[in-house]
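Model the full structure from these sequences, guided by the hints.
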Amino acid sequence: MAARSQQGRPGARFAQFKLVLLGESAVGKSSLVLRFVKDQFDDYRESTIGAAFLTQTIALDEQTTVKFEIWDTAGQERYKSLAPMYYRNANCAVVVYDITQASSLDKAKSWVKELQRQANENIIIALAGNKADLVAEQPDKRAVQTADAQAYARESNLLFFETSAKTAENVKELFTEIAKKLPIEQASQRGMRGAAGRPGGVDLGNRQEAGGAAGGPGGCNC
Amino acid sequence: MDEIAPEYDVVVLGTGLTECILSGVLSVKGKKVLHMDRNDHYGGEAASVNLETLFRKYNNFTAGTEPWKKYGRANDWNIDLVPKLLMSNGELTNILVSTDVTRYIEFKQVAGSYVQVGSGARATVAKVPSDAGEALRSPLMGIFEKRRARNFLSWVAAFDEANPSTHNGMNLSQTSMKLVYDKFGLEATTRDFIGHSMALYPTDAYLDKRGMAKDCVERIRLYVNSMARYGKSPYIYPLYGLGELPQGFARLSAIYGGTYMLNTTVDEIHYDPSGKVSGISATMKERSETGPGMTFTTKCPKIIADPSYFPDRCQVVGHMLKAICILNHPIDFTNNSDSVQLIIPQSQVGRHHDIYIACVSSAHNVCPKGYYIAIVSTIAETSANHHLELAPGLERLGRVEEKFMGPPIPLYAPKGDGRADNVFISKSYDAESHFETTTDDVRDLYMRAEGEALRVEGLKEGQTIVAEE
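Keeping their order, the protein sequence lines are chains Z and V. Going by full-length UniProt numbering, the first residue of the first sequence is number 1, and it counts up by one from there. Going by full-length UniProt numbering, the first residue of the second sequence is number 1, and it counts up by one from there.
Where hints are given, some of them may not hold.
[Unchecked claim] Have a look at the derived ranges for each label pair, beta carbon to beta carbon: (1) Z:E62 <-> V:N60: 56 to 66 Å; (2) V:K276 <-> Z:L134: 42 to 52 Å; (3) Z:K113 <-> V:V400: 33 to 43 Å; (4) V:D440 <-> Z:K113: 39 to 49 Å; (5) V:G406 <-> Z:T55: 41 to 51 Å; (6) V:P139 <-> Z:L60: 34 to 44 Å.
[Said to hold, decoys possible] Derived DSS-like pairs (lysine-lysine); straight-line CA-CA distance at most 30 Å: (7) V:K29 <-> Z:K38; (8) V:K460 <-> Z:K80; (9) Z:K38 <-> V:K31; (10) V:K369 <-> V:K232; (11) Z:K80 <-> V:K32; (12) Z:K80 <-> V:K69; (13) V:K69 <-> Z:K38; (14) V:K57 <-> Z:K113; (15) Z:K180 <-> Z:K38; (16) Z:K166 <-> Z:K113; (17) V:K285 <-> V:K427; (18) V:K285 <-> Z:K80; (19) Z:K109 <-> Z:K67; (20) V:K299 <-> Z:K80; (21) V:K460 <-> Z:K67; (22) Z:K141 <-> Z:K107; (23) V:K232 <-> Z:K80; (24) V:K32 <-> Z:K107; (25) V:K285 <-> Z:K107; (26) Z:K109 <-> V:K178; (27) V:K322 <-> V:K299; (28) V:K31 <-> V:K369; (29) V:K146 <-> V:K178; (30) Z:K141 <-> Z:K67; (31) V:K403 <-> V:K31; (32) Z:K38 <-> V:K32; (33) V:K369 <-> Z:K113; (34) Z:K80 <-> V:K31.
Bear in mind the hints are in silico, worked out from the structure with no lab data behind them. Glycine residues also receive a C-beta, built at the ideal position from the N, C-alpha and C atoms.
Written out as structure tokens, the structure reads:
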């Protein structure tokens, strides 16, 4: 669930990290992920429905692969009802605001605070000012100055990008920069950390298999 | 803030496990669900809380002191309020797997399942023998009794409803369990640990009921099959505590469009002229928030709620006694297990209800390293001196760092089935040591509210999750 990794060919590094999305409703959180994962954009996308999480892999170089397990808020942020489970073991977060809505940056700042309160201490946080395409078309639509957001990001130690899910501007760059900051070496060395990898951990997903293998006393006692 | 929709298919009140499973299932099935809780956190009575919250909840400290601080970071503690474990082959596991909620929660085995026979200085604590081979090695029985127990367990394992040659001449749907025990010549102590630590009956009420033998054999088989699945015990437990379970199902519901509102109190339930529920008015307001909050009204043809939202429509069916104890050592005679279920069958200590001890530890990420959280519980049989009722369980714990024990906890059940007004109310979490009765309540509520049996199998097939690679 958190960082998972495995060693493939000699010298190769692979690690998996949990990434959470945060930000006010309708700033384009899901659209950013849709662009990153499927390279798609939908102008009339409705509120998030039906994806537990999405995954996407980035090759940082020939030897290094990072896989993101991306958790969407599923709308639970709308009435401030995100469960602690959401933040649990998150390795990185993208906090999104809309550069045409000044209030969305204030919301983003409160999400950063919430992350600092609830998530791992060493979580990597990126601030993304989305909908850059709208400003490119009509500069007077801009409500948050790049320099202001950048200054905030710097003092809070956040990565910062202005992005457009619509044109794909800076989307790949955003996730790549996050990947570069993640402790891949550590995660690689820790080895598999999934449920079944822990001592006493159980993988409920393999119900059939496990049940079959353990038929023993209950199933057949002949 | 966004507007609440003018109408929902169902409004769910309370985010306990029962309510969250139903909310999740209904959302996956395409129902439009609004799910609210007056608290600022998920889980209701099924939540796990941090140590500071626990001290405050029980008001267990002198004002001005902060006793939780000597136990590390309060947030490293996830202390269950309900002492229950999952059977690894049980119905809750089935629902978790069927709905893919296992994606959000990691589970670990509980390291041991123990039972006490005898009491006081002559008590023996031993592993519950789970199959014929273990029965032969168990210190709980003498040499001849071991063989009788082995014969019994072999028969249970081989039992096949459809094959009369496995029935040993008995009709389980007609006979009582007492007669079955008689047939195998089992001693009283053996009946006790089989009925209470394997079939997990909390009282002896099952013994003489005609036709109950089938239920008992099924329960023993559930125990044995759960045991066989991972090996150490029949129980599993979620990392970070039981409070993860309602959160996982709430997320499932949200992913399928369920709307979630914490910090929301019900102002009024509206009914149509025929007396059926027609809508609800409520106010969302955070504790820190000044001002009136956000008040709204929406239509809904039915409501599912926990008993706390409709106290006048519920009755008290019993009182649970519970002591939450913080230890800095494992429980004696449990092989230093990081987690155990220990059952003290009622008749061993002169009671009518079993005493349960559920113990978990840092191995399950519920407390810092070196600590153990043990919950001793039973059903109240007297109206005073409740600590004496729990005493046989507390004795098993040895030295206790902190003990949290409030007044007896009333257990509620709805007076009616809810069909008259379409307000469907769940039961309190009972004193049983596992969630099988909770999932029975889920199924019962679903049947009452939706008019059809709940089928969870195949629910995840509709989920649109991008395949990995």
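Next on the checklist: So if I understand the rule, the pair passes when the alpha-carbon distance is 30 Å or less; does K285 of chain V with K427 of chain V pass?
Outcome noted: With a Cα-Cα distance of about 27 Å, the restraint between K285 of chain V and K427 of chain V holds, given a limit of 30 Å.
Item to check | Range agreement (Cβ of T55 of chain Z with Cβ of G406 of chain V, hint 41 to 51 Å) | outcome: Hint holds: Cβ distance 45 Å, inside 41 to 51 Å.
Item to check | Pair hint K29 of chain V and K38 of chain Z, alpha-carbon separation not exceeding 30 Å | outcome: OK: K29 of chain V and K38 of chain Z at ~26 Å, within 30 Å.
Item to check | Given pair status - K107 of chain Z, K141 of chain Z, alpha carbons within 30 Å | outcome: 19 Å, holds
Item to check | Restraint check for K38 of chain Z with K32 of chain V, where alpha carbons must lie at most 30 Å apart | outcome: Roughly 28 Å separates the two Cα atoms, so the pair holds.
Next on the checklist: 42 to 52 Å was suggested as the range; check whether the CB atoms of K276 of chain V and L134 of chain Z agree with it.
Outcome noted: 48 Å, holds
Next on the checklist: With the threshold set at 30 Å, check whether the alpha-carbon distance from K369 of chain V to K232 of chain V stays at or below it.
Outcome noted: 21 Å, holds
Next on the checklist: What's the verdict on K460 of chain V and K80 of chain Z, does the C-alpha distance respect the 30 Å limit or exceed it?
Outcome noted: 27 Å, holds
Checklist entry - Holds or violated: K109 of chain Z with K67 of chain Z, Cα cutoff 30 Å? => result It holds: about 27 Å lies between the C-alpha atoms, which stays within 30 Å.
Next on the checklist: Given the hinted pair K322 of chain V and K299 of chain V, is their Cα-Cα distance within 30 Å?
Outcome noted: 40 Å, violated
Next on the checklist: Would the hint linking K369 of chain V and K113 of chain Z be met if the CA-CA limit is 30 Å?
Outcome noted: Holds. K369 of chain V to K113 of chain Z sits at ~28 Å (cutoff 30 Å).
Item to check | Hint consistency between K460 of chain V and K67 of chain Z [alpha-carbon to alpha-carbon, up to 30 Å] | outcome: 24 Å, holds
Consistency note: the structure conflicts with the earlier hints numbered 6, 13, 23, 26, 27, 28, 30, 31.
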